[in-house]
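**Student:** Now for the letters of each chain:
Number of protein chains: 2
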Amino acid sequence: MAKKNKQESKLKELGLKVLKDVEKIRNPNITIPVRALSNVIFNKKSKTLELGNKKSKRFFFNVAHAKKFLQTIEVASVSKNLLNEEKHASLRDVFYMMKRTIPGTSVNIVDEQSESDNVIEDLELLTGDSREQLNINANKNGSIVGKVTIEDAGDTIRWDKLGSGGWSIPSNVEDIKFKSVNAKYILYMEKAAVWERLNEDRFWEKHKCILISSQGQTTRGIRRLLQRLYEEYKLPIYVLTDYDAYGFYIYSVIKYGSINLAHASERLAIPGVKFLGISSNDIEKYDLKKHFIKLKDHDISRLKQLAEYSWFKDNKQWQKEFKTMRQYGSKAEIQALSSRGITFISEKYLPEKIKNKDFID
Amino acid sequence: MAKKNKQESKLKELGLKVLKDVEKIRNPNITIPVRALSNVIFNKKSKTLELGNKKSKRFFFNVAHAKKFLQTIEVASVSKNLLNEEKHASLRDVFYMMKRTIPGTSVNIVDEQSESDNVIEDLELLTGDSREQLNINANKNGSIVGKVTIEDAGDTIRWDKLGSGGWSIPSNVEDIKFKSVNAKYILYMEKAAVWERLNEDRFWEKHKCILISSQGQTTRGIRRLLQRLYEEYKLPIYVLTDYDAYGFYIYSVIKYGSINLAHASERLAIPGVKFLGISSNDIEKYDLKKHFIKLKDHDISRLKQLAEYSWFKDNKQWQKEFKTMRQYGSKAEIQALSSRGITFISEKYLPEKIKNKDFID
Numbered sequence: 000m001a002k003k004n005k006q007e008s009k010l011k012e013l014g015l016k017v018l019k020d021v022e023k024i025r026n027p028n029i030t031i032p033v034r035a036l037s038n039v040i041f042n043k044k045s046k047t048l049e050l051g052n053k054k055s056k057r058f059f060f061n062v063a064h065a066k067k068f069l070q071t072i073e074v075a076s077v078s079k080n081l082l083n084e085e086k087h088a089s090l091r092d093v094f095y096m097m098k099r100t101i102p103g104t105s106v107n108i109v110d111e112q113s114e115s116d117n118v119i120e121d122l123e124l125l126t127g128d129s130r131e132q133l134n135i136n137a138n139k140n141g142s143i144v145g146k147v148t149i150e151d152a153g154d155t156i157r158w159d160k161l162g163s164g165g166w167s168i169p170s171n172v173e174d175i176k177f178k179s180v181n182a183k184y185i186l187y188m189e190k191a192a193v194w195e196r197l198n199e200d201r202f203w204e205k206h207k208c209i210l211i212s213s214q215g216q217t218t219r220g221i222r223r224l225l226q227r228l229y230e231e232y233k234l235p236i237y238v239l240t241d242y243d244a245y246g247f248y249i250y251s252v253i254k255y256g257s258i259n260l261a262h263a264s265e266r267l268a269i270p271g272v273k274f275l276g277i278s279s280n281d282i283e284k285y286d287l288k289k290h291f292i293k294l295k296d297h298d299i300s301r302l303k304q305l306a307e308y309s310w311f312k313d314n315k316q317w318q319k320e321f322k323t324m325r326q327y328g329s330k331a332e333i334q335a336l337s338s339r340g341i342t343f344i345s346e347k348y349l350p351e352k353i354k355n356k357d358f359i360d
Numbered sequence: 000m001a002k003k004n005k006q007e008s009k010l011k012e013l014g015l016k017v018l019k020d021v022e023k024i025r026n027p028n029i030t031i032p033v034r035a036l037s038n039v040i041f042n043k044k045s046k047t048l049e050l051g052n053k054k055s056k057r058f059f060f061n062v063a064h065a066k067k068f069l070q071t072i073e074v075a076s077v078s079k080n081l082l083n084e085e086k087h088a089s090l091r092d093v094f095y096m097m098k099r100t101i102p103g104t105s106v107n108i109v110d111e112q113s114e115s116d117n118v119i120e121d122l123e124l125l126t127g128d129s130r131e132q133l134n135i136n137a138n139k140n141g142s143i144v145g146k147v148t149i150e151d152a153g154d155t156i157r158w159d160k161l162g163s164g165g166w167s168i169p170s171n172v173e174d175i176k177f178k179s180v181n182a183k184y185i186l187y188m189e190k191a192a193v194w195e196r197l198n199e200d201r202f203w204e205k206h207k208c209i210l211i212s213s214q215g216q217t218t219r220g221i222r223r224l225l226q227r228l229y230e231e232y233k234l235p236i237y238v239l240t241d242y243d244a245y246g247f248y249i250y251s252v253i254k255y256g257s258i259n260l261a262h263a264s265e266r267l268a269i270p271g272v273k274f275l276g277i278s279s280n281d282i283e284k285y286d287l288k289k290h291f292i293k294l295k296d297h298d299i300s301r302l303k304q305l306a307e308y309s310w311f312k313d314n315k316q317w318q319k320e321f322k323t324m325r326q327y328g329s330k331a332e333i334q335a336l337s338s339r340g341i342t343f344i345s346e347k348y349l350p351e352k353i354k355n356k357d358f359i360d
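Sequence lines, in order, name chains A and B.
Number 54 in numbering that gives the first Met the number 0 belongs to position 55 of the first sequence; there are no gaps in the numbering.
Number 219 in numbering that gives the first Met the number 0 belongs to position 220 of the second sequence; there are no gaps in the numbering.
Calculated directly from the structure, the hints in this document are not laboratory data.
Please note: incorrect hints may appear among the correct ones.
Since the list gives no way to pick out one identical chain from another, each pair is judged satisfied if it fits inside one copy or across any two copies.
Here are the simulated lysine to aspartate or glutamate pairs, DMTMM-like style, with alpha carbons at most 20 Å apart [unchecked claim]: (1) 86 to 200; (2) 315 to 12; (3) 347 to 84; (4) 86 to 346; (5) 86 to 150; (6) 288 to 110; (7) 176 to 199; (8) 289 to 7; (9) 98 to 159; (10) 11 to 73.
Please read all numbers here as calculations on a predicted model, not as lab measurements.
Can you make the complete structure from the sequences, with help from the hints?
**Tutor:** Below, the structure is given as structure tokens:
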């Protein structure tokens, strides 16, 4: 239980602070940084999104604050119990654990999951710990393969001995211990089908790398795992997505962090990540125009939005990407490479791109 | 390559049949069972959905058939190449492999993935093999844990030594070899968060079972894996979902097959599967009414649809379920059990239900 002592003592501190307010007959209150777009800034030095200095106080004796104050204390108590019992709960579990009536009333502590999610994010800020460290898990998703050995939950696991499936990435990777990491870089891809292609071709073995995929959105578990490998083993990370605004945004979130999790950038953003493809150059070079898919209105407005982000605004390479895609009026899928042959991606496209360092930063 | 000889020779046979038509100056044609709701029947004996006897002929020299005829031959050729090269492709890959112009014209063989998907399903019927056996993979999704050892792609993999993540289930499980299976039953759950709960509590070890989860829809890979364990090891399978029409439908698809894959029921349906919960009885017994979520219009129409399915029509237990939910006007989530304590599901709910054989068939 020792490893969780730090988190537990911070939660206890929070409780004692409130208790002290009560004893001193002060209005109990908690100070929390403001989590709103108005307080999200792009730190040009660390190259990540982060929260500014705006703070707000939450008082118990304040009609507008009382319920949120109670929710904050309640979620701290739920987290402390989880840490005590050495159990993890999902966001949805925590919602149900908090969803009960306030004694002596018919009012629920929380009615919607958005309320419990919200105070969980506050608790991250109050303690400086991620919700995973507070034993509250995000979604589970994704597979990984590579010449890596880890220890997790008492088992020694070799990521290079897991056949066609790979290791299923848990929602919470905080307690994983890396025993040996034998890789030159990490390839993260948006699509599980591409991961299966590269795993079947044993790309990770031939090119000494780690292959990670999600299916759709990049979960916090995957982002944190990428970050840990990047920081602890200085492994370059290359991101492989479709040629579309959604793919570009996946890269943006992994690299810079996301607006609604700006407070967690320190634990999630990875400024060194590079975009491998599909890029506009690839479209020309690998003759993919015949597989173009026409942009829809929402694609175009998403591209405009991306171009306006402060972290892309002064980036000439990316501005060129956004502009070229709009000129093409088209997007393309990574699987379009399969029209060149089923192993074209693993035998030609990827080795060539990586050898030539043909990345976008 | 030997194991794939059967599939390859069937594809060759198809090609030779067409060639013979040409040589004999006959109009080349293929006979395919009709895949439409009008030809889907519920076999009361095998208790699965299957195709009826209606067949249609597809001719080369027929303006309405020519393109589809060509697509059918083309997909057979793509599959034969994959089998030759011992490579697997996703549905999307196959689409791009087929998407090229017909020589001497500006017409594409396929323009939309629905066209290639469609002839892939035809090819399943023509050969009697599943698309996985033809080296065309579905989606990858899901995790598994339990006291089982398998061999896959040259690796020996122990499902009980994979920490908090488990084995990531591949899209294609045809070539997995089971070396030892030490389990009394299988618990399949809709939600990965519930899987993580039960894995953390080492439920599979204490109760000698296998835990499988998807995240959302049950992929063909998962259904086929369930079926193989059910048939090869006679393991009972219990399905655990939310208390809602969508959860009931997940159960229905695993047990009886789905309408659009009726031709594949033999390889996918598992008539012996039982529904463990959440059931209407559970709602009463475990005091879950306070966590009710009001039914929406689409929930109600889905319930009506389920009640009309021929495989549910004469089933009194299920008709009672549908009726009770409509009377409640409410659904509930499995995580509502967490309001009774984080390990309530693994320490009380599941052991009690399984001991009392409190299932719906």
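**Student:** For which of the previously enumerated hints does the structure constitute a violation, in increasing order of number?
**Tutor:** Hints 2, 8 and 9 contradicted; others consistent.
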